[in-house]
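Line by line, the protein sequences are chains A and B. Residue numbering for the first sequence follows our numbering, beginning at 1127 and increasing consecutively. Residue numbering for the second sequence follows our numbering, beginning at 405 and increasing consecutively.
Accuracy of the hints is not assured; some may be wrong.
Reference excerpt, derived from the structure (chain A facing chain B, CB under 10 angstroms, subset only) [stated by the list, open to error]: (1) SER1234; (2) PRO1260; (3) PHE1262; (4) VAL1315; (5) THR1320; (6) ARG1365; (7) ALA1427.
Below, a list of computed lysine-lysine pairs in the BS3-like style, where the Cα atoms sit at most 30 angstroms apart [said to hold, decoys possible]: (8) B/LYS661 x A/LYS1355; (9) B/LYS661 x A/LYS1417; (10) B/LYS549 x A/LYS1355; (11) A/LYS1327 x B/LYS549; (12) B/LYS661 x A/LYS1437; (13) B/LYS549 x A/LYS1236; (14) B/LYS608 x A/LYS1236; (15) A/LYS1285 x A/LYS1410; (16) B/LYS661 x A/LYS1327; (17) B/LYS406 x B/LYS549.
If you're looking for bench data, these hints aren't it; they were derived computationally from the structure. Glycine included, each C-beta is placed from N, C-alpha and C at the ideal position.
In case you want the letters, here they are:
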Amino acid sequence: MALDKIWVFCEAGDDGVATITLEMLAKAREVAGTVEVFCGGDGAACAAELGDHGVTAVHATGDLDGRMKGVSVASAVAAAISDGGVVAPDAILLGTTYDGRDVAARLSVKLDVSVLSNVVDLRLDGDRLVGVEPVFGGTLNVTSRFTGGGPDIWLVRPKSFEPAAVGGSPAEVVDLPVPDLGSTGGAVVQDRFTEESEGPKLDEAAIVVSGGRGLGAAEAYSLIEGLAKQLGAAPGASRAIVDAGWVPYSYQVGQTGKVVKPTVYIACGISGATQHLVGMKGSKNIIAINKDSEAPIFAVADLGIVGDVHKVLPKLTEALESR
Amino acid sequence: MKVVVCVKQIPDPADPGALDPETRTLRRNVKLILDESDSYGVEMALQLVDAAGEGSVHLVSMVPNDEVSGLRTALAMGADSATLISDEVLAGSDALGTSRVLAAAIERAEPDLVLAATESSDGYTGVVPAQVAELLGLPSVTFAKEIAVEGSAATVRRQTEAGADLVECPLPAVVSVTAGVVEPRYPSFRGIMQAKNKPVDQLKIADLGIAAERVGWAGAGQEITDVAEAPERAAGEVVVDEGDAHERIVAFLDELKVI
Chain A
1127 MALDKIWVFC EAGDDGVATI TLEMLAKARE VAGTVEVFCG GDGAACAAEL
1177 GDHGVTAVHA TGDLDGRMKG VSVASAVAAA ISDGGVVAPD AILLGTTYDG
1227 RDVAARLSVK LDVSVLSNVV DLRLDGDRLV GVEPVFGGTL NVTSRFTGGG
1277 PDIWLVRPKS FEPAAVGGSP AEVVDLPVPD LGSTGGAVVQ DRFTEESEGP
1327 KLDEAAIVVS GGRGLGAAEA YSLIEGLAKQ LGAAPGASRA IVDAGWVPYS
1377 YQVGQTGKVV KPTVYIACGI SGATQHLVGM KGSKNIIAIN KDSEAPIFAV
1427 ADLGIVGDVH KVLPKLTEAL ESR
Chain B
405 MKVVVCVKQI PDPADPGALD PETRTLRRNV KLILDESDSY GVEMALQLVD
455 AAGEGSVHLV SMVPNDEVSG LRTALAMGAD SATLISDEVL AGSDALGTSR
505 VLAAAIERAE PDLVLAATES SDGYTGVVPA QVAELLGLPS VTFAKEIAVE
555 GSAATVRRQT EAGADLVECP LPAVVSVTAG VVEPRYPSFR GIMQAKNKPV
605 DQLKIADLGI AAERVGWAGA GQEITDVAEA PERAAGEVVV DEGDAHERIV
655 AFLDELKVI
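Make the full structure from the sequences, and use the hints.
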């Protein structure tokens, strides 16, 4: 038996609707009769694309005027449900993104319901969803369900489902007014900065080259960037070197970072802590370069090179250059 | 300026233990240490108080037993005092139950600013900071890369998908700090000695006016129905570099037709 209605938190990507949103829509269509989205922003701009992915209605707040998305959207959804303006959905799906987590957290308090985070699969069990979360570096899959009243709030890891357009007429745009946020609404965005990075985005690249503590020093990260540039790949990082401040958090691949599933993942000087493995072991092919032949990364690598990244990487980059 | 930092004591990630087959949650009977993710919030708080020229750093933490060694680490870094809600009924708490307890303890401390990590290293739900803010009726800015406090407002540089947002936020507020943005200091010998005598106020949830059925197993609105081994990925070819391993990599990339 399918759910009556699911709501998906819609986020904008570089070019229309964000991939994570489209991924969740594909799963939502499988498990629910009606799929609607809600967003903090303009609904009309994405109504056609969303309709193409099976969405019948877009509940949109309109421009937030710099107010934080988390508190604004969560307050608007909670108000719409409690006013009876909309019938509460059975489940709400949000991506494990910067704003998705904020919306889920605020909404869970407002609706007094639990949140389940980091799920990579959802399926029907009777008339309710159960979700699967990988733990211990993806060696165990834990299946959970909600026990209280709904709506059930799920935070979904990117790359868990395949987006698929099904062809549908544009979604209806429904106004989702943001109520007075009172003391919670004080934070306001003054300015937005885009970090121009060369090459493809980490979570969309066909090839990812990541560096870890085995690089030895922050300066050696240039070896990763050099190889990535040569391959048209995105540069990534293990948590260890993000924690050390060598590269920003946005580079991090792993449990507390981005999930990547490229055609080729090249792990350089990364030992393969469970924290890292959970973010990359879904890659189609894995190459690992590490001095320590006992490093756990070799257990998941299709090609393992026991060697020094400082020696192997320059030669590899040079060999690719000369082709 | 009074800064409260939420910190968590977790099993050492190098030896995380296992799932308890009875309760299907992480065993907590191993030695607990300060979550490394929290050391950035502690360091940020110490720096902000330094910059303000006055103030104090107070820790808030919860645990189902009376473990304090992780808190002592943060106190040795320089935090002034701590509240530890230690109560066996906290075992099994979900994120919302956790947030209820932390929020109640934070409220008593009457802070100007509340800092937390973006997510713990073990549970990593990533929702506690904003839940705490909502429970306290405060604004929040998550994923901070930089924080500056001036008067009764904070300016926060927040990580976004595209880059960063510069956010102005009146205080009090809750701000979560991403790892790596400051360099946590190592506790000095003097700091470690002083930490032993710093006040750690141990409370039960009844002291906070929270009913037992709102936390722990009873209050968690979720349950685990199954735990299964994930399919393993087989290891492939391993080559020891003799100066020509890069050629093997090029050949491999060639086979995959990605170059």
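Here's how the hints hold up against the structure:
The criterion of a C-beta within 10 angstroms of any C-beta in chain B is met by A/SER1234, whose closest approach is roughly 6 angstroms, and the hint holds. Proximity of A/PRO1260 to chain B holds as hinted, the smallest CB-CB distance being about 6 angstroms (cut-off 10 angstroms). This hint holds: A/PHE1262 has a C-beta 7 angstroms from the nearest C-beta of chain B, less than the 10 angstroms allowed. With 10 angstroms as the threshold, the beta carbon of A/VAL1315 comes within range of chain B, its nearest partner Cβ sitting at about 5 angstroms, so the hint holds.
Because the beta carbon of A/THR1320 sits about 4 angstroms from the nearest beta carbon in chain B, less than 10 angstroms, this interface hint is met. For the restraint placing A/ARG1365 at the interface with chain B, the shortest Cβ-Cβ distance is roughly 7 angstroms, inside the 10 angstroms limit, so the hint holds. At its closest, the beta carbon of A/ALA1427 sits 6 angstroms from a beta carbon of chain B; the interface hint therefore holds under the 10 angstroms criterion. Between the alpha carbons of B/LYS661 and A/LYS1355 the distance comes to roughly 17 angstroms, so the proposed pair stays at or under 30 angstroms and holds.
Note on B/LYS661 and A/LYS1417: the hinted pairing holds, with a Cα-Cα distance of about 27 angstroms set against a maximum of 30 angstroms. Between B/LYS549 and A/LYS1355 the alpha-carbon distance is near 26 angstroms, which keeps this suggested pair within the 30 angstroms criterion. About 20 angstroms separates the Cα atoms of A/LYS1327 and B/LYS549, which keeps this hinted pair within 30 angstroms; it holds. Pair hint B/LYS661 plus A/LYS1437 holds up; C-alpha atoms about 25 angstroms apart against a cutoff of 30 angstroms.
Of the supplied pair hints, the one linking B/LYS549 and A/LYS1236 holds, its CA atoms being roughly 28 angstroms apart against a limit of 30 angstroms. Using a Cα cut-off of 30 angstroms, the hinted pair B/LYS608 and A/LYS1236 holds, with the two alpha carbons roughly 25 angstroms apart. A distance of roughly 13 angstroms separates the Cα atoms of A/LYS1285 and A/LYS1410; the hinted pair therefore holds under the 30 angstroms criterion. Of the pairs offered as hints, the one joining B/LYS661 and A/LYS1327 holds, with about 20 angstroms between alpha carbons and a cut-off of 30 angstroms not exceeded.
The suggested pairing of B/LYS406 with B/LYS549 holds, with an alpha-carbon distance near 20 angstroms, which does not exceed 30 angstroms.
Checked against the numbered hints above, the structure violates none of them.
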